[in-house]
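Enquirer: If you read the sequences in order, they're chains E and A. Here our numbering is used: position 338 in the first sequence is 338, and no number is missing along the way. Here our numbering is used: position 207 in the second sequence is 207, and no number is missing along the way.
Rather than coming from a laboratory, the hints here were simulated on the basis of the structure. From a predicted model like this one, the values you see are computed outputs, not experimental measurements. Some clues are possibly wrong.
Cross-link-like lysine-lysine pairs, in silico, BS3-like; alpha carbons within 30 Å at most [unchecked claim]:
1) A:Lys-7 to E:Lys-126
2) A:Lys-5 to E:Lys-5
3) E:Lys-5 to A:Lys-126
4) E:Lys-131 to E:Lys-158
5) E:Lys-126 to A:Lys-5
6) A:Lys-401 to E:Lys-401
7) E:Lys-126 to A:Lys-126
Some, not all, of what chain A presents toward chain E, calculated at C-beta under 7 Å [as the list claims (entries may be wrong)]:
8) Arg-132
9) Glu-177
10) Thr-178
Backbone N, C-alpha and C fix where the C-beta goes; we use that ideal spot for every residue, glycine too.
2 protein chains.
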Amino acid sequence: MVAEKTKYILEESRMPTAWYNLAADLPVPPPPVLHPGTGQPVGPADLEPLFPMELILQEVATDRYVDIPAEIQAIYRMWRPTPLYRAHRLERALDTPARIFYKYEGVSPAGSHKPNTAVPQAWYNKQAGVKRLTTETGAGQWGSALSIACAFFGIELKVYMVKVSYFQKPYRRALMETFGATCVPSPSPDTNAGRAILAADPESNGSLGIAISEAVEDAALRDDTKYSLGSVLNHVLMHQTIIGQEAQLQLEEADAWPDVIFGCVGGGSNFAGLTFPFIQQKLQGRDVRIVAAEPAACPTLTRGIYAYDFGDTSMMTPLVKMHTLGHTFVPAGIHAGGLRYHGMAPLVSLAKELNLIEAEAYPQTAVFDAAVRFARAEGILPAPESAHAIKGGIDEALRCKEAGEAKTILIGLSGHGNFDLGAYESYVAGNLVDYEHPQAEIERALAELPMR
Amino acid sequence: MVAEKTKYILEESRMPTAWYNLAADLPVPPPPVLHPGTGQPVGPADLEPLFPMELILQEVATDRYVDIPAEIQAIYRMWRPTPLYRAHRLERALDTPARIFYKYEGVSPAGSHKPNTAVPQAWYNKQAGVKRLTTETGAGQWGSALSIACAFFGIELKVYMVKVSYFQKPYRRALMETFGATCVPSPSPDTNAGRAILAADPESNGSLGIAISEAVEDAALRDDTKYSLGSVLNHVLMHQTIIGQEAQLQLEEADAWPDVIFGCVGGGSNFAGLTFPFIQQKLQGRDVRIVAAEPAACPTLTRGIYAYDFGDTSMMTPLVKMHTLGHTFVPAGIHAGGLRYHGMAPLVSLAKELNLIEAEAYPQTAVFDAAVRFARAEGILPAPESAHAIKGGIDEALRCKEAGEAKTILIGLSGHGNFDLGAYESYVAGNLVDYEHPQAEIERALAELPMR
């Protein structure tokens, strides 16, 4: 038996030392972000109550690369470079001539790609003298990642956690608290926004929109406090591009180039992190298909429209041009909580408009079928979010089998499912259901777009 | 800032290709295993109803090395070599001149060292034509690892899970079922042993002893079925020695040799896996202190005696000479469930008798304090079991600080704590309690030793 190479690790010394900024290479500039009151473009000063200036400058940067500070590189090296795997066992299980690779971010401290931006966000805030951060979290992925990053730099963190998750997921809360964060159920009595909601409905279960309002208000009202967001924004996407840059170096080692790449999309940061460095190559003429895999229950790219909308449901954020289902759209309660977002990162949306990427939507039972097939072959239990990319990759590998084509497929495996066993419990018990929103419901939400 | 090296990964091609057998190098032969009925040494034929012959031969092997079959190596490469980390951030947090390294087994499919033996056990059974395996599991670590290994080879698996854990840890069960295992609460109506217990006490919570009896009976009565055990036995310990062999190669890369090594001990397999290759060097005159870290609530090496005893509580297994607290001893309900075993692997016990290793016992609140300190510095949440080794390592590093000594410390980090957040929840809530068994209670259990 010949020893087949399974993992492409990349030496620490070869880890990329700059983030890549897709905005520098797109043929058109990104549409401006607009003030929700005036409808005029916002400037850096408008964002200063919420973010440190270095991150605001990254948000509007037009440089192609931004150097990763040495101290952030040192922390990245605790888990980076992350492995690129060749899925020999999955290929054999599928009996496909395709070569399947996957880039695995589950080896990070939080078990997902989120620390790639949590660490720099905490670090830049620390440099700016910020003592305290606030954020919101739904299922808890982002809150966990930022808790760990804040523990590294001794920054105080308050997490507003959607109340229904706070009580349903005590272990997530325990993880954040173990790393020293304060975690409260949202709506909370700690903010005006929270108190107003509680006065109207003391039994409110909360929502990501409410939690954002609370975290933003808390940061805006305190001089020592800033706010941190885990996806959507340009600088967040940029911090994630180390994923795709590493994957390119590792594929080189494997003497491979992907014919097609699958990444899952919610807010867009994981997808952007993996694919933007490949889009750069595509813009230079290199051939590669790039597919965004989204849930059928929240089909932002496949059924939404490209328009200005609010980032949150309570209409407090600036207006951004993006693919959206409307800020009043409430996605069905699927287990891939990290993909339940009405909008899409503006840069990912623009790439879609420019036909640089495609999108596919998958129902959750088919996604879990793919996840379990993958797990039994490769031994890694995927996060339900990541399983959308796996579903795309397995479908493609089966098409290759049909056609006798030996394509090279790259899958973004953004995290493990160790914290999602409740979802797998439902799957094993046969309790998963699929949901597709009727067109009328989507039309209704789109009719409420602010500038339509 | 100079880029400090954080991870020593080891190329796949340098992964060790043989397991190391300490029995070949000890100055005295291990005492024989005795038949529980006759008191006479057992032979390979006595074990055939339960284990395939290849594993029985490994159990009594006197060769120094046993080659790892190529197919097992291929599966090991899905997560091996595991990283050796230099704990720069922990060293700085402790302000110690000591150099701290840790070998991390949490990157495996099951999140612990257990797959190192689950995979070969499943493979050798597959080679012997075995269609079905049984095992017991307490908290679920071992059951999860064997479920994954059986999924790799298409072997049916039935896990008898201690009833109280079955209902308290539905996620663990979901993990095993996701990988295709059948999992029943023990005592179950599926075996004579289970039915007898249920007849006497329909509300029985079960115990590891009862679950072992059920799994053994199930395997003994069916021709297509064998039994699999996750620790204690010689061949299980041997499969784990790839850990220590890798660590030696990685320390060489780091130009380091440990002055002292800390590993946690329950049944002994993780400790043996890390330390036996170092004991080999020690027997050749190389200087190294080796410390087994155990819970104060189950102080097998520090307060037990070296004597013949049963491996299970229901007196069905052969008698082995080992450190034991007595097979009727019930350890307090600490969160490090994997360390709650009345006995100790015979080879680890013999090494202790020969003064090749030392032992320390730690109370669980101090262990969790060390775990959280480690997590906040290194970003990895340790399994409560592994945290015992961390406690030992941190204490040593603080002694170094006191004495101004730049010792090199190696810690065995046998797994992550992602599945143990209930324990951390108790810690964060201040609900952890320490327990030390009164001497009279230990004496009472030791009085029931069979050959005393």
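Enquirer: With reference to the structure, classify each hint as holding or not holding.
Expert: Results of checking the hints against the structure:
Distance restraint check for A:Lys-7 and E:Lys-126: the Cα-Cα separation of roughly 26 Å lies within the 30 Å cut-off, and the hinted pair is therefore satisfied. A threshold of 30 Å between alpha carbons decides the hint, and for A:Lys-5 with E:Lys-5 the separation of about 24 Å falls inside it, so the pair holds. The straight-line distance between the Cα atoms of E:Lys-5 and A:Lys-126 is roughly 24 Å, inside the 30 Å bound, and the hint therefore holds. Our distance criterion of 30 Å between C-alpha atoms is met by E:Lys-131 and E:Lys-158, whose separation comes to about 11 Å.
Among the hinted pairs, E:Lys-126 with A:Lys-5 is consistent with the structure: their alpha-carbon atoms are about 24 Å apart, no more than 30 Å. Using a Cα cut-off of 30 Å, the hinted pair A:Lys-401 and E:Lys-401 is violated, with the two alpha carbons roughly 62 Å apart. Simply put, E:Lys-126 and A:Lys-126 have alpha-carbon atoms about 55 Å apart, too far for the 30 Å limit, and the pair is violated. Because the beta carbon of A:Arg-132 sits about 17 Å from the nearest beta carbon in chain E, more than 7 Å, this interface hint is broken.
A distance limit of 7 Å between C-beta atoms decides the matter here; for A:Glu-177 the minimum to chain E is near 4 Å, and the interface restraint holds. Look at A:Thr-178: its Cβ gets to within about 5 Å of chain E, closer than 7 Å, so that hint holds up.
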